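Participant: From just these sequences and the hints, can you work out the full model?
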Amino acid sequence: MKLRTLLLPWLLMLAPLAMAQAATDPSFLLIATARNFGTYFPSYLANGYFSTMTSVRGTEPDRAYMVAFMDYTKGDISRPAAIPGWSEIDYNAGAGWLNQTQLNPKAFANYSQTLNMYDGTLTTRYRFTYGKTTDVRVVTFVSEADPHLAATRLEITPQFSGKVQLQFPFRIWSGHQPRFPIATMTSNQMIDAVIASGQNLNNKPVPTPDRAPVWYPGTTLVTDDGGDTQHMTLWLDGHAVNGLTMAEAAAIELPRGLKIESVKLEKTSDKLSLDVVADVRQGVTYTFTKYIAASRQDWGGDAKADLALATKARATGFGKLLARHVAAWHKLWQADIVVDHDEAVQRALHSDLYYLLSNTTVGTAWAMGACALTPNYAGHVFWDSDSWDFPALLLLHPERAKPIVMFRDRTMGPARAQAAHYGWKGLMYPWESDPQKGTVVTPNFASGVHREIHLDADIAIAQWQYYLATGDLAWLKQHGWPVIRGIAEFWKSRVTFDQAHDRYEILHVTSPDEAYDDVPNDTFTNAAAAKALRIATKAAALVGATPDPEWAKIAAKMYIPFDQKAQRHYDFDPSVPEDKITWFGSTLAWLMYPNLDLPMSPTVRRNDFAYQLQALETHGDSPNEMMMVMLTVAAAELGDAQDVGNWIHRNLVGFLKPPFNVRTETADNNAGYILATSAGFVQSFIYGLSGLRIDGKGLDAEYAPILPPGWKSVTLKDISFRGKHYDITIKRGADGKARLVRKEL
Numbered sequence: 002m003k004l005r006t007l008l009l010p011w012l013l014m015l016a017p018l019a020m021a022q023a024a025t026d027p028s029f030l031l032i033a034t035a036r037n038f039g040t041y042f043p044s045y046l047a048n049g050y051f052s053t054m055t056s057v058r059g060t061e062p063d064r065a066y067m068v069a070f071m072d073y074t075k076g077d078i079s080r081p082a083a084i085p086g087w088s089e090i091d092y093n094a095g096a097g098w099l100n101q102t103q104l105n106p107k108a109f110a111n112y113s114q115t116l117n118m119y120d121g122t123l124t125t126r127y128r129f130t131y132g133k134t135t136d137v138r139v140v141t142f143v144s145e146a147d148p149h150l151a152a153t154r155l156e157i158t159p160q161f162s163g164k165v166q167l168q169f170p171f172r173i174w175s176g177h178q179p180r181f182p183i184a185t186m187t188s189n190q191m192i193d194a195v196i197a198s199g200q201n202l203n204n205k206p207v208p209t210p211d212r213a214p215v216w217y218p219g220t221t222l223v224t225d226d227g228g229d230t231q232h233m234t235l236w237l238d239g240h241a242v243n244g245l246t247m248a249e250a251a252a253i254e255l256p257r258g259l260k261i262e263s264v265k266l267e268k269t270s271d272k273l274s275l276d277v278v279a280d281v282r283q284g285v286t287y288t289f290t291k292y293i294a295a296s297r298q299d300w301g302g303d304a305k306a307d308l309a310l311a312t313k314a315r316a317t318g319f320g321k322l323l324a325r326h327v328a329a330w331h332k333l334w335q336a337d338i339v340v341d342h343d344e345a346v347q348r349a350l351h352s353d354l355y356y357l358l359s360n361t362t363v364g365t366a367w368a369m370g371a372c373a374l375t376p377n378y379a380g381h382v383f384w385d386s387d388s389w390d391f392p393a394l395l396l397l398h399p400e401r402a403k404p405i406v407m408f409r410d411r412t413m414g415p416a417r418a419q420a421a422h423y424g425w426k427g428l429m430y431p432w433e434s435d436p437q438k439g440t441v442v443t444p445n446f447a448s449g450v451h452r453e454i455h456l457d458a459d460i461a462i463a464q465w466q467y468y469l470a471t472g473d474l475a476w477l478k479q480h481g482w483p484v485i486r487g488i489a490e491f492w493k494s495r496v497t498f499d500q501a502h503d504r505y506e507i508l509h510v511t512s513p514d515e516a517y518d519d520v521p522n523d524t525f526t527n528a529a530a531a532k533a534l535r536i537a538t539k540a541a542a543l544v545g546a547t548p549d550p551e552w553a554k555i556a557a558k559m560y561i562p563f564d565q566k567a568q569r570h571y572d573f574d575p576s577v578p579e580d581k582i583t584w585f586g587s588t589l590a591w592l593m594y595p596n597l598d599l600p601m602s603p604t605v606r607r608n609d610f611a612y613q614l615q616a617l618e619t620h621g622d623s624p625n626e627m628m629m630v631m632l633t634v635a636a637a638e639l640g641d642a643q644d645v646g647n648w649i650h651r652n653l654v655g656f657l658k659p660p661f662n663v664r665t666e667t668a669d670n671n672a673g674y675i676l677a678t679s680a681g682f683v684q685s686f687i688y689g690l691s692g693l694r695i696d697g698k699g700l701d702a703e704y705a706p707i708l709p710p711g712w713k714s715v716t717l718k719d720i721s722f723r724g725k726h727y728d729i730t731i732k733r734g735a736d737g738k739a740r741l742v743r744k745e746l
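Counting with the working numbering, you get residues 2 to 746 for the letters of the sequence shown.
Since the hints were derived computationally from the structure, they do not count as laboratory data.
Hints are supplied without guarantee of correctness; some may be wrong.
[Claimed, not checked] Distance condition first, Cα-Cα at most 27 Å in a straight line; then the derived DSSO-like pairs of lysine-lysine:
1) 321 / 332
2) 332 / 718
3) 725 / 698
4) 744 / 732
5) 332 / 744
6) 205 / 581
7) 554 / 493
8) 332 / 725
9) 725 / 478
10) 713 / 738
11) 539 / 566
12) 321 / 133
13) 732 / 713
14) 332 / 313
15) 332 / 133
16) 558 / 493
17) 313 / 265
18) 75 / 133
19) 539 / 478
20) 493 / 426
21) 305 / 321
22) 478 / 554
23) 539 / 426
24) 558 / 426
25) 718 / 738
26) 554 / 539
27) 164 / 268
28) 305 / 272
29) 205 / 265
30) 265 / 305
31) 478 / 426
32) 426 / 554
33) 164 / 305
34) 698 / 558
35) 332 / 732
36) 426 / 438
37) 272 / 332
38) 698 / 539
39) 744 / 718
40) 75 / 438
In this text, all values refer to a predicted model and were calculated from it rather than measured experimentally.
Facilitator: Structure (structure tokens):
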């Protein structure tokens with residue numbers, strides 16, 4: 002009776018949350034069952050600042066990462082340093098440890114794990130029957146409201162009375178072996194080294210990562226750590242190899258009334274843990290909570306400060322912390338995309354938005370790594386950030402898009418240095434930027450992509466879009482204009498004037514279809530460069546600067562390769578044979594993508610699209626998801642409602658790995674967590690189905706909106722544009738045609 006009295010206030014506090022979860026729209030819930038044991042593709046919980054990967058039991062030792070926290074081992078590229086794993090709790094009822102028991106439906110009966118994207122929580126339930134039976138429930142979250150905090154709560158209901166053991170560790174990861182000198186290895190050397198290590202880079206069965214030999218995590222070295230068995234706390238200080246410092250702390254909350262036999266501090270080079278032995282009674286539920294605080298250099302304090310945060314969180318209580326976190330996520334979801342009526346598409350949209358939002362910060366200058374807070378693509382910043390993630394966030398969450406453009410402002414120094422290195426003027430941003438320093442971190446085997454310079458135009462376009470969407474002239478003057486001007490200076494120095502044809506050309510570039518390296522006059526690159534130069538001229542007038550007259554001249558005379566007979570664009574100069582098997586087949590669909598949206602007649606647009614599909618069929622190989630999402634936009638621009646629906650659903654096949662809709666680079670591989678593909682799917686709705694474009698006129702439809710057959714409506718909720726908020730709905734009129742309805746909020 003006493004225990005029930007003590008638990009009653011907590012139950013009353015959690016009851017509203019439980020009721021809210023029960024009423025959650027099913028499209029926000031992704032559920033794993035025992036059928037996923039063998040093919041479980043991990044998701045993650047994150048708040049833009051730090052993360053933890055998920056695992057089947059909900060209690061396992063999982064790697065965790067922190068924003069722009071990089072390992073700088075000599076000879077290797079910079080890569081995200083895995084911070085000590087913090088979410089683990091282990092339990093032993095006498096027959097063996099929970100986290101070491103083989104997964105099977107008998108030992109983990111009635112299993113379910115729910116990723117609630119609306120609340121930002123992971124809840125795992127099962128009956129653990131190995132030896133003595135225990136009912137288990139685990140809830141984990143990384144706080145959206147308190148960015149330094151996270152928590153894992155374990156509830157056990159033993160179906161026996163007796164002694165149990167629990168462990169509450171920090172898992173200190175050893176360095177990855179073998180570690181390759183990727184900063185200097187050629188492609189063939191890397192492949193040979195991977196094979197020599199007993200590995201390969203081939204596609205793997207789900208859920209094994211395809212490129213783990215290349216995209217392994219960096220290392221965090223713990224310099225000082227400790228714990229207190231009386232106060233049930235742990236703490237550690239550390240630093241990434243040759244990198245920044247970091248800290249973590251934990252405060253453990255034990256159930257009141259629990260009969261504790263012993264508490265020991267376990268401290269080794271691999272683990273720091275508080276180990277508890279206690280007596281439990283049959284049928285009584287015991288709740289254990291692990292409160293975590295984390296920080297890194299220039300974001301928070303040291304272990305002492307984190308320890309204070311963790312103990313304060315424990316004093317505040319799990320219920321209040323969770324309520325604040327859930328409220329923060331609910332506020333984020335006020336901006337949403339709602340589809341009526343297609344449940345599979347709605348669920349995919351919510352998972353894509355969840356992954357984008359989980360990796361955004363506010364008020365910083367940290368861009369988003371290509372694969373979020375995971376080690377994939379080594380956490381580097383690509384054009385994905387500017388051309389894919391940024392536009393998807395801009396109208397829904399401009400404050401969360403802003404750090405992406407601010408990153409380019411913050412890292413102008415390295416961009417200027419790279420331009421000078423190659424003999425150019427202005428700003429030449431690295432194809433792969435270190436997320437902390439902004440320096441060049443492209444692997445040597447991919448060094449040819451230093452010619453993939455459309456990136457510079459993509460960055461300028463994003464800077465201009467931010468100004469157009471916010472109307473923030475002060476920001477443009479101080480931050481956007483220096484980037485736009487520097488990129489215009491780069492293009493001026495990079496172009497070549499062809500006097501015989503009275504045109505400007507851009508030679509020796511890598512196409513977005515990267516198999517075509519060192520080609521002249523890539524169409525996408527030339528068109529994007531011309532747009533960036535026009536932007537520079539417009540921006541100069543707004544900020545009171547004098548534009549270089551050469552910018553407008555170059556833009557006007559930029560060569561855009563075009564086949565007059567076929568009335569379509571070329572991918573690049575026709576002197577280059579288009580004879581390779583690639584992920585894309587062609588890049589003509591990219592000319593229609595919202596950030597570029599090259600003006601062309603309806604006839605040319607349709608011919609470009611037809612050629613793209615033909616090329617994809619004849620020499621496309623396991624299409625990259627970036628291409629697939631662009632086909633939706635292209636079909637929408639052509640007004641083909643049936644094709645729009647087909648391409649949207651094609652984006653759900655193979656690319657979304659169960660159980661948590663993790664998007665992979667292709668349907669065949671397991672190169673996952675690529676934010677650009679999630680952002681591309683979101684853009685298909687914001688800019689594709691709606692026809693909306695951000696330009697000097699405002700936020701207007703450039704072509705008629707479209708709905709796939711059978712769909713009733715699509716609503717872009719809480720769109721933000723120049724200080725005003727709107728719900729924009731695509732719905733059918735009495736004539737059955739789609740139309741836009743804009744409602745100011």
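Participant: Decide, hint by hint, whether the structure agrees.
Facilitator: Cross-check of the supplied hints:
Taken as a hint, the residue 321 and residue 332 pair is honoured in the structure, with Cα atoms around 17 Å apart against an allowance of 27 Å. Distance hint between residue 332 and residue 718 is fulfilled; the C-alpha atoms sit about 12 Å from each other, no more than 27 Å. Between residue 725 and residue 698 the alpha-carbon distance is near 15 Å, which keeps this suggested pair within the 27 Å criterion. Restraint check for residue 744 and residue 732: the C-alpha separation of about 13 Å stays at or below 27 Å, so the hint holds.
At roughly 19 Å between alpha-carbon atoms, residue 332 and residue 744 fall within 27 Å of each other, so this suggested pair holds. Straight-line distance between C-alpha atoms of residue 205 and residue 581 comes to about 24 Å, which keeps the hinted pair within the 27 Å bound. Distance restraint check for residue 554 and residue 493: the Cα-Cα separation of roughly 10 Å lies within the 27 Å cut-off, and the hinted pair is therefore satisfied. For the given pair, residue 332 sits about 17 Å from residue 725 by alpha-carbon distance, which is consistent with the 27 Å threshold.
For the suggested pair residue 725 and residue 478, the alpha carbons sit about 22 Å apart, so the restraint of at most 27 Å is met. Between the alpha carbons of residue 713 and residue 738 the distance comes to roughly 11 Å, so the proposed pair stays at or under 27 Å and holds. With a C-alpha separation of about 35 Å, the suggested pair residue 539 and residue 566 falls outside the 27 Å cut-off, and the hint is violated. With a C-alpha separation of about 33 Å, the suggested pair residue 321 and residue 133 falls outside the 27 Å cut-off, and the hint is violated.
Our distance criterion of 27 Å between C-alpha atoms is met by residue 732 and residue 713, whose separation comes to about 6 Å. Proximity of residue 332 to residue 313 is assessed by CA-CA distance (about 25 Å); at most 27 Å being required, the pair is judged to hold. A distance of roughly 43 Å separates the Cα atoms of residue 332 and residue 133; the hinted pair therefore is violated under the 27 Å criterion. Of the supplied pair hints, the one linking residue 558 and residue 493 holds, its CA atoms being roughly 12 Å apart against a limit of 27 Å.
A C-alpha spacing of about 23 Å is found between residue 313 and residue 265, which places the hinted pair at or below 27 Å, so the restraint holds. Distance restraint check for residue 75 and residue 133: the Cα-Cα separation of roughly 50 Å exceeds the 27 Å cut-off, and the hinted pair is therefore not satisfied. With a C-alpha separation of about 12 Å, the suggested pair residue 539 and residue 478 falls inside the 27 Å cut-off, and the hint holds. As the CA atoms of residue 493 and residue 426 are separated by approximately 8 Å, the hinted pair is consistent with the 27 Å bound.
As the CA atoms of residue 305 and residue 321 are separated by approximately 23 Å, the hinted pair is consistent with the 27 Å bound. A C-alpha spacing of about 24 Å is found between residue 478 and residue 554, which places the hinted pair at or below 27 Å, so the restraint holds. Our distance criterion of 27 Å between C-alpha atoms is met by residue 539 and residue 426, whose separation comes to about 20 Å. Taken as a hint, the residue 558 and residue 426 pair is honoured in the structure, with Cα atoms around 20 Å apart against an allowance of 27 Å.
Between the alpha carbons of residue 718 and residue 738 the distance comes to roughly 21 Å, so the proposed pair stays at or under 27 Å and holds. Distance restraint check for residue 554 and residue 539: the Cα-Cα separation of roughly 14 Å lies within the 27 Å cut-off, and the hinted pair is therefore satisfied. Restraint check: the Cα-Cα separation between residue 164 and residue 268 comes to about 23 Å, which is no more than 27 Å; the hinted pair holds. Taking the CA atoms of residue 305 and residue 272, the gap is about 19 Å. The hint holds against a cut of 27 Å.
Proximity of residue 205 to residue 265 is assessed by CA-CA distance (about 42 Å); at most 27 Å being required, the pair is judged violated. For the hint pairing residue 265 with residue 305, the CA-to-CA distance comes to about 21 Å; that is within 27 Å, so the pair holds. Pair hint residue 478 plus residue 426 holds up; C-alpha atoms about 21 Å apart against a cutoff of 27 Å. Taking the CA atoms of residue 426 and residue 554, the gap is near 18 Å; set against the 27 Å cutoff, the hint holds.
The straight-line distance between the Cα atoms of residue 164 and residue 305 is roughly 34 Å, outside the 27 Å bound, and the hint therefore fails. Between residue 698 and residue 558 the CA atoms are separated by roughly 25 Å; this keeps the pair inside 27 Å, and the hint holds. Among the hinted pairs, residue 332 with residue 732 is consistent with the structure: their alpha-carbon atoms are about 25 Å apart, no more than 27 Å. Distance hint between residue 426 and residue 438 is fulfilled; the C-alpha atoms sit about 21 Å from each other, no more than 27 Å.
A distance of roughly 37 Å separates the Cα atoms of residue 272 and residue 332; the hinted pair therefore is violated under the 27 Å criterion. The suggested pairing of residue 698 with residue 539 holds, with an alpha-carbon distance near 13 Å, which does not exceed 27 Å. Between the alpha carbons of residue 744 and residue 718 the distance comes to roughly 10 Å, so the proposed pair stays at or under 27 Å and holds. For the proposed pair residue 75 and residue 438, the alpha carbon gap of about 16 Å is at most 27 Å, so the pair holds.
Consistency with the previously given hints fails for numbers 11, 12, 15, 18, 29, 33 and 37, ordered from lowest to highest.
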